[in-house]
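Peer 1: My request is simple: use the sequences and hints to build the entire structure.
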Amino acid sequence: MEAPAHVVIVALLAGLFSATGLCWLVFRRFIKTERDRINQELDSSRALLNKEAARRMEEADAMLRKRQAEQERVFEQREGRVASRERELEQAEARRAEQSEALDKRTQNIERRASEIDERSAQLDEEMSVYRERLQGIAGLTPAMVKEEILEDARRECEDELRIYKNEILNRAEAQIEAEASRLLLVCMQRLSSTPQQDATATIVSIPSEDMKGRIIGREGRNIKAFESATGTTLLIDETPDSVLVSSFDPVRREVARIALEHLIKDGRIHPTSIETAVEEAVEQVKKSVSGFGEEALRRVRIQRVHPEIVQLLGKLRYRLSFNQNCLDHTVEVSQLCGLIAAELGLDTELARRAGLFHDIGKSLDADYEGSHASAGANILKRLGEDDIVVNAVAAHHEEVAPISAYASVLKIADAVSAARPGARAESMDSYIQRVRKLEDLARSMPGVNEAFAIQAGREIRVVVAPDNVDDAGARELARRLRRRIEDELQYPGTIKITVIRECRYVEQAR
1 MEAPAHVVIV ALLAGLFSAT GLCWLVFRRF IKTERDRINQ ELDSSRALLN KEAARRMEEA
61 DAMLRKRQAE QERVFEQREG RVASRERELE QAEARRAEQS EALDKRTQNI ERRASEIDER
121 SAQLDEEMSV YRERLQGIAG LTPAMVKEEI LEDARRECED ELRIYKNEIL NRAEAQIEAE
181 ASRLLLVCMQ RLSSTPQQDA TATIVSIPSE DMKGRIIGRE GRNIKAFESA TGTTLLIDET
241 PDSVLVSSFD PVRREVARIA LEHLIKDGRI HPTSIETAVE EAVEQVKKSV SGFGEEALRR
301 VRIQRVHPEI VQLLGKLRYR LSFNQNCLDH TVEVSQLCGL IAAELGLDTE LARRAGLFHD
361 IGKSLDADYE GSHASAGANI LKRLGEDDIV VNAVAAHHEE VAPISAYASV LKIADAVSAA
421 RPGARAESMD SYIQRVRKLE DLARSMPGVN EAFAIQAGRE IRVVVAPDNV DDAGARELAR
481 RLRRRIEDEL QYPGTIKITV IRECRYVEQA R
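Note that this note's numbering gives residue 305 to position 305 of the sequence shown, counting from 1, and the numbers run on in steps of one.
Don't take each hint at face value.
Computed list of lysine-lysine pairs in DSSO-like fashion (alpha-carbon distance at most 27 Å, straight line) [unchecked claim]:
| no. | residue 1 | residue 2 |
| --- | --- | --- |
| 1 | Lys225 | Lys213 |
| 2 | Lys287 | Lys266 |
| 3 | Lys66 | Lys51 |
| 4 | Lys438 | Lys288 |
| 5 | Lys266 | Lys225 |
| 6 | Lys213 | Lys266 |
| 7 | Lys225 | Lys287 |
| 8 | Lys32 | Lys66 |
| 9 | Lys266 | Lys288 |
| 10 | Lys287 | Lys382 |
| 11 | Lys497 | Lys412 |
| 12 | Lys412 | Lys382 |
| 13 | Lys438 | Lys382 |
With beta-carbon atoms standing in for the labels, derived distance ranges [claimed, not checked]:
| no. | residue 1 | residue 2 | range |
| --- | --- | --- | --- |
| 14 | Glu281 | Glu220 | 21 to 29 Å |
| 15 | Ile38 | Glu79 | 17 to 25 Å |
| 16 | Leu48 | Val8 | 33 to 41 Å |
FYI, nobody ran anything at the bench for these hints, they're computed from the structure. Keep in mind that this is a model prediction, so the values were computed, not measured. We treat Cβ as the ideally placed atom computed from N, Cα and C, and that holds for glycine.
Peer 2: As structure tokens, this is what we get:
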């Protein structure tokens, strides 16, 4: 039997209310549980926040204390610097006060001394006026005459001191100039390594066997006579093995004889006709070699753009001698020295080398050119378009004309250095003795000279003067006058050093 509908509805409503109440209770319990959990989390978060806040506060306090300590340290340093500056200012003020006090004392001393000087000057003026009045009264002199007399006395008193001072200045200046010139020449000479040489007067020609000597001599000596007649030389055939000596003072003839003899020995046919032919060919060969010698000289000194005729004249110097010194070797050495000296002085080195290489070119000219080798060489250089400075230097290197540039002086110095080095030139004993004797006689002819001695192969003259007749200033003037006379009256290679000796000796003997 089914229940009525309203009972069912009531039962459903009652179940619904019961479920709702149960759900409410469960919900309230859940709410409470969640509230408790949330409260716990809140409490935990507050505790953490409080702890973090406390830590942050502690860090902030520590940082603040640290910054305060740093600020205090900085303030203390600044206070120390300020105190140090204050002490320095106080010390500077004290020093200024002391300096001011010392300056005041010095000013007072200067004023006192100035007043004393004024008083002394006034006193001297009074004494001078009295002295002048006495002089005028005694000698009847006017004030102008008295003034002139006083000035003359002062001039006489200062004359010796002024002369000594002048000599000291001149000696010091000349010593400095001589030292600088010596340094420059030594630098140039050390950079130019040149072997002292003298051309020999004989040439050795090798022969293949001893039988060749007999063929050279020929029957009854006709071959050797024909050879010596054609070449103008002398053949020396002795017991020296495998060689024949060609002797002659003329280098051209000696070179022709050497070439001709070597050709005859190589050919093997030696008779008067072949000798004449060989000599003629040798002469032509020597003439052709002249240009090669000139080109080689230009190459050695690094000079270009030279007229062909000048090259030929340079080559001819290979067969010229001056005091037994080969002229071409001498000109090359002078050219190199000129270039080195010009470089030290800041001059044009090419112009200097050209002047040095061409300075003796007049020695290769024949007799048709008049005048000395310097003037003749300058004339032909000018005709061939050489630079005016080079032409003047060549013409003036023996002081025949006035120099127009420093290159002439450089050339004269280089020429003297090349000629004066040991072993460069040779001269006979008679000419050497004659030159030394003239030098000594010239020195003895000077007034006040007791004795003169030429030493160092005539490159130095020592003059002994009488001390009673020649004082120190006179000795110096004597050296200058003797130098001028030697330069004007004597001919000599290189330079001559002049030394004047003035000696006083006072001897007493106590008994």
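Peer 1: Look at each hint and say if it fits the structure.
Peer 2: So, going through the hints one by one against the coordinates:
Restraint check for Lys225 and Lys213: the C-alpha separation of about 14 Å stays at or below 27 Å, so the hint holds. Taking the CA atoms of Lys287 and Lys266, the gap is about 22 Å. The hint holds against a cut of 27 Å. For the proposed pair Lys66 and Lys51, the alpha carbon gap of about 22 Å is at most 27 Å, so the pair holds. Among the hinted pairs, Lys438 with Lys288 is inconsistent with the structure: their alpha-carbon atoms are about 44 Å apart, more than 27 Å.
Straight-line distance between C-alpha atoms of Lys266 and Lys225 comes to about 20 Å, which keeps the hinted pair within the 27 Å bound. Taking the CA atoms of Lys213 and Lys266, the gap is about 13 Å. The hint holds against a cut of 27 Å. At roughly 25 Å between alpha-carbon atoms, Lys225 and Lys287 fall within 27 Å of each other, so this suggested pair holds. Note on Lys32 and Lys66: the hinted pairing is violated, with a Cα-Cα distance of about 50 Å set against a maximum of 27 Å.
Between the alpha carbons of Lys266 and Lys288 the distance comes to roughly 21 Å, so the proposed pair stays at or under 27 Å and holds. As the CA atoms of Lys287 and Lys382 are separated by approximately 25 Å, the hinted pair is consistent with the 27 Å bound. The hinted pair formed by Lys497 and Lys412 meets the criterion: a straight-line CA distance of about 17 Å does not exceed 27 Å. With a CA separation close to 19 Å, the supplied pair Lys412 and Lys382 stays within the 27 Å bound.
Straight-line distance between C-alpha atoms of Lys438 and Lys382 comes to about 37 Å, which puts the hinted pair past the 27 Å bound. Between Glu281 and Glu220 the beta carbons are some 26 Å apart, a value that agrees with the proposed interval 21 to 29 Å. Taking the beta carbon of each, Ile38 and Glu79 are about 59 Å apart, not inside 17 to 25 Å as hinted. Against the hinted window of 33 to 41 Å, the Cβ-Cβ separation of Leu48 and Val8 comes to about 58 Å, which falls outside the hint.
Checked against the numbered hints given earlier, the structure breaks hints 4, 8, 13, 15 and 16 and satisfies all the rest.
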